[in-house]
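Chemist: Residue strings, one per chain:
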Amino acid sequence: MQAPLLLIAALIIFDGLFGPQLAPKNLATVGVWLHYRGLVVLVLLVAGNLFCMACPFMLPRRIGRWLRQRLWRGGRPVPRIARNKWPALLLLVLFFFAYERFSLWASPWLTAWIALAYFAVAFAVDTVFRGAAFCKHVCPLGQFNFFGALASPLEIKVRDGAKCAGCRTKDCIRGAQGCELALFQPAKVGNMDCTFCLDCIHACPYDNVGIIGRLPTAELWRDSFRSGIGRLSRRPDLVALVAVLVFGGFINAFAMIGPVYALRAEIGRRLAGPNPTLELALIFAVGLIVLPGLLLTAAGWLTRRQLGPAAGSLTAAIGRFVYALAPVGFGMWVAHYGFHFLTGGLTIVPVAQSFAADVGLYRGGVQWGLGPLVPGEWLFPIEAVCLYLGAFGSIVAAVQIAREQTAGSRGHALAVAAPWLVLILALLVAGLAIMVQPMEMRGTLMYRKP
Amino acid sequence: MQTAATPAQDGFVMTLAAQPSPPVVGDGQLIVTLADPAGKPVADARLAVEGNMSHAGMKPSFGAVTAAADGRYTVAIQWTMAGDWYVDIKATLSDGRVIGRRFPITVYAR
Numbered sequence: 001m002q003a004p005l006l007l008i009a010a011l012i013i014f015d016g017l018f019g020p021q022l023a024p025k026n027l028a029t030v031g032v033w034l035h036y037r038g039l040v041v042l043v044l045l046v047a048g049n050l051f052c053m054a055c056p057f058m059l060p061r062r063i064g065r066w067l068r069q070r071l072w073r074g075g076r077p078v079p080r081i082a083r084n085k086w087p088a089l090l091l092l093v094l095f096f097f098a099y100e101r102f103s104l105w106a107s108p109w110l111t112a113w114i115a116l117a118y119f120a121v122a123f124a125v126d127t128v129f130r131g132a133a134f135c136k137h138v139c140p141l142g143q144f145n146f147f148g149a150l151a152s153p154l155e156i157k158v159r160d161g162a163k164c165a166g167c168r169t170k171d172c173i174r175g176a177q178g179c180e181l182a183l184f185q186p187a188k189v190g191n192m193d194c195t196f197c198l199d200c201i202h203a204c205p206y207d208n209v210g211i212i213g214r215l216p217t218a219e220l221w222r223d224s225f226r227s228g229i230g231r232l233s234r235r236p237d238l239v240a241l242v243a244v245l246v247f248g249g250f251i252n253a254f255a256m257i258g259p260v261y262a263l264r265a266e267i268g269r270r271l272a273g274p275n276p277t278l279e280l281a282l283i284f285a286v287g288l289i290v291l292p293g294l295l296l297t298a299a300g301w302l303t304r305r306q307l308g309p310a311a312g313s314l315t316a317a318i319g320r321f322v323y324a325l326a327p328v329g330f331g332m333w334v335a336h337y338g339f340h341f342l343t344g345g346l347t348i349v350p351v352a353q354s355f356a357a358d359v360g361l362y363r364g365g366v367q368w369g370l371g372p373l374v375p376g377e378w379l380f381p382i383e384a385v386c387l388y389l390g391a392f393g394s395i396v397a398a399v400q401i402a403r404e405q406t407a408g409s410r411g412h413a414l415a416v417a418a419p420w421l422v423l424i425l426a427l428l429v430a431g432l433a434i435m436v437q438p439m440e441m442r443g444t445l446m447y448r449k450p
Numbered sequence: 001m002q003t004a005a006t007p008a009q010d011g012f013v014m015t016l017a018a019q020p021s022p023p024v025v026g027d028g029q030l031i032v033t034l035a036d037p038a039g040k041p042v043a044d045a046r047l048a049v050e051g052n053m054s055h056a057g058m059k060p061s062f063g064a065v066t067a068a069a070d071g072r073y074t075v076a077i078q079w080t081m082a083g084d085w086y087v088d089i090k091a092t093l094s095d096g097r098v099i100g101r102r103f104p105i106t107v108y109a110r
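Here the protein sequences line up with chains A and B, keeping their order.
Just so we're aligned, residue 1 is where the first sequence starts under my numbering, counting upward by one.
Just so we're aligned, residue 1 is where the second sequence starts under my numbering, counting upward by one.
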């Protein structure tokens with residue numbers, strides 16, 4: 001699967017650099033911002049992290065690993081300070097900001113350079129460091145996939161734990177094809193950090209590891225120890241990553257509708273003149289840091305009050321319950337990216353025809369009339385279903401987490417979960433309010449509404 | 001609202017105005033004027049008008065010339081989404097020369 005995606009990546013880079021610099025007519029912008037993103041969320045929703053499995057950046061990683069093993073005796077371990085998600089989180093926030101500030105969706109040239117930079121960084125990181133450093137600690141796309149895969153119906157796991165108990169060789173972690181991301185199958189829980197590379201499946205001499213169906217989001221209900229990760233609630237970097245991806249889903253969609261332009265104009269007026277960088281920085285600071293911080297603190301504080309002395313610290317309460325927001329956050333990403341994919345999924349046909357014509361491989365007509373995959377009136381109902389499903393998954397997760405915390409009492413569990421249920425419903429309403437508005441794609445021209 | 005195209009070396013002056021102004025989602029009109037380097041209106045050009053959004057995923061809207069007189073062309077076009085558009089106009093002159101311009105234009109929600 002990596003070879004076809006590598007070929008597509010090469011075509012995207014070529015057309016982005018040398019093709020028409022009009023986003024709707026270039027493979028780079030159509031392929032990356034429409035189809036890649038749309039298909040990623042849909043595949044995560046109906047299957048699992050198959051895009052990490054098919055990742056085209058595996059080739060430079062493999063070359064890097066080959067060089068590392070031959071030139072640097074296996075390479076260096078990732079420095080302790082970076083053995084977490086903070087580097088990836090920083091890149092993710094920078095990417096969200098750059099996407100809006102530099103209108104990346106509108107620039108085939110910049111899109112191609114992002115892909116090239118990705119190849120270069122994947123190669124550089126894995127040439128120096130061992131332990132799938134790029135996937136585990138750097139790759140923002142991978143972190144998004146790990147986040148989305150929390151709600152996926154497929155997981156790579158052990159079929160029969162008893163067989164693992166009798167295993168002496170532990171090939172799934174120690175063997176030549178042992179997990180690079182340090183996920184020891186018998187103690188692996190859920191999809192976090194799993195790139196679906198299938199190394200463990202190939203490594204197991206007992207054919208005891210497989211891609212197995214599961215109840216989506218159920219991995220969030222228990223805070224058990226996870227191999228290669230620890231407990232989710234005790235990983236502030238993961239807590240921050242999930243919070244940013246949950247609220248980032250809403251901010252990213254908010255940036256596409258009319259009110260954001262009025263807000264930016266108002267900020268500009270108060271700043272004595274338009275300043276796109278500062279306007280966006282303020283919106284991102286509020287949307288990704290201040291607002292989530294306040295909401296999570298308030299919900300955590302109320303939950304802690306309900307739990308009493310057994311609750312632990314405020315950060316422990318937030319760290320335990322923040323994962324309940326992952327499904328509604330993912331629902332927002334699916335609704336948003338799904339919207340773009342459904343409104344323009346067929347545009348890949350004329351764009352590919354046009355590209356083929358440009359390089360002399362096609363002489364037929366270009367079907368520029370192709371566009372939407374579904375009628376326009378279906379869009380909002382589909383988006384709403386995505387949000388409802390996400391909110392439902394979040395509500396179930398919050399209640400289950402509360403039940404684990406309260407050891408059984410349903411009434412007490414509901415009281416403990418209540419602040420999070422209110423937050424989930426508020427996010428659902430916010431998502432619906434964003435999606436019910438006409439999506440506008442502006443920012444490139446920076447016109448102000450008269 | 002009249003928008004300006006990227007300056008060109010050929011000396012021809014093409015202008016574009018949207019009706020209604022500012023343009024809103026739905027059926028709209030463009031008024032295109034074309035004058036030669038001497039300032040004389042070009043009345044007999046064939047216009048090809050194509051609107052594309054600045055982002056991927058929306059099919060182009062093609063304009064149809066509904067009236068033309070004295071270098072002033074009225075073009076019907078459908079704005080399918082609010083946001084930033086680029087309108088590409090190619091005017092083929094009677095001597096075969098093609099004058100092309102790109103106009104940025106913002107379409108608003110109704």
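Derived from the structure by calculation, the hints contain no laboratory data.
Using N, Cα and C, we set each Cβ at its ideal position, and we do this for glycine too.
Be careful, since some hints might not be right.
[Unchecked claim] In silico contact screen, one side only, chain A against chain B (beta carbon under 7 Å); selected entries:
1) P20
2) L34
3) H340
4) G344
5) Q367
6) P375
[As the list claims (entries may be wrong)] Ranges between beta-carbon positions, derived for each pair:
7) B:A35 x A:L291: 47 to 57 Å
8) B:T74 x A:P276: 33 to 43 Å
9) B:T74 x A:T297: 57 to 67 Å
10) A:V121 x B:D36: 36 to 46 Å
11) A:Q2 x B:D44: 54 to 64 Å
12) B:S94 x A:A357: 50 to 60 Å
13) B:P37 x A:Q437: 22 to 32 Å
14) A:R83 x B:Q9: 38 to 48 Å
15) B:A64 x A:P4: 52 to 62 Å
16) A:A285 x B:K40: 54 to 64 Å
17) B:Q9 x A:A357: 39 to 49 Å
18) B:T74 x A:Q21: 42 to 52 Å
19) A:V385 x B:Q9: 30 to 40 Å
20) B:Q78 x A:L291: 34 to 44 Å
Chemist: Against this structure, judge whether each hint is valid.
Modeler: Hint-by-hint comparison with the structure:
1. A hinted interface residue such as P20 (chain A) counts as satisfied when its beta carbon comes closer than 7 Å to some beta carbon of chain B; here the least separation is about 10 Å, so the hint is violated.
2. For L34 (chain A), the suggested interface contact is upheld, since its CB lies about 5 Å from the closest CB of chain B, less than 7 Å.
3. For H340 (chain A), the interface hint holds, the least distance from its beta-carbon to any beta-carbon of chain B being 5 Å, beneath 7 Å.
4. Interface hint at G344 (chain A): satisfied, since its Cβ lies 3 Å from the closest Cβ of chain B, which is below the 7 Å cut-off.
5. Because the beta carbon of Q367 (chain A) sits about 9 Å from the nearest beta carbon in chain B, more than 7 Å, this interface hint is broken.
6. At about 13 Å, the closest approach between the beta carbon of P375 (chain A) and any beta carbon in chain B exceeds 7 Å, and the interface hint on this residue is violated.
7. Between A35 (chain B) and L291 (chain A), the C-beta spacing of about 53 Å keeps the proposed range 47 to 57 Å intact.
8. In this structure, T74 (chain B) and P276 (chain A) meet the distance hint of 33 to 43 Å, their C-beta atoms being roughly 35 Å apart.
9. At about 59 Å, the beta-carbon gap between T74 (chain B) and T297 (chain A) stays in the expected band of 57 to 67 Å.
10. A hinted range of 36 to 46 Å for the beta carbons of V121 (chain A) and D36 (chain B) is inconsistent with their spacing of about 52 Å.
11. Distance hint check for Q2 (chain A) and D44 (chain B): the Cβ-Cβ separation is about 57 Å, which falls inside the suggested range of 54 to 64 Å.
12. For the pair S94 (chain B) and A357 (chain A), the supplied restraint of 50 to 60 Å is violated, since their beta-carbon distance comes to about 28 Å.
13. As the Cβ distance of P37 (chain B) to Q437 (chain A) is approximately 46 Å, the hint placing it in 22 to 32 Å is violated.
14. For R83 (chain A) and Q9 (chain B), the Cβ-Cβ distance of about 58 Å falls outside the hinted range of 38 to 48 Å, so the restraint is violated.
15. Judged by the Cβ atoms, the range 52 to 62 Å given for A64 (chain B) and P4 (chain A) is violated: they are separated by roughly 41 Å.
16. A beta carbon spacing of about 56 Å between A285 (chain A) and K40 (chain B) agrees with the range 54 to 64 Å that was offered as a hint.
17. Taking the beta carbon of each, Q9 (chain B) and A357 (chain A) are about 27 Å apart, not inside 39 to 49 Å as hinted.
18. For T74 (chain B) and Q21 (chain A), the Cβ-Cβ distance of about 29 Å falls outside the hinted range of 42 to 52 Å, so the restraint is violated.
19. Between V385 (chain A) and Q9 (chain B) the Cβ separation comes to about 54 Å, which falls outside the hinted range of 30 to 40 Å.
20. Here the CB-CB span from Q78 (chain B) to L291 (chain A) is close to 38 Å, well matched to the stated 34 to 44 Å.
Of the numbered hints given earlier, the model fails hints 1, 5, 6, 10, 12, 13, 14, 15, 17, 18, 19; all others are met.
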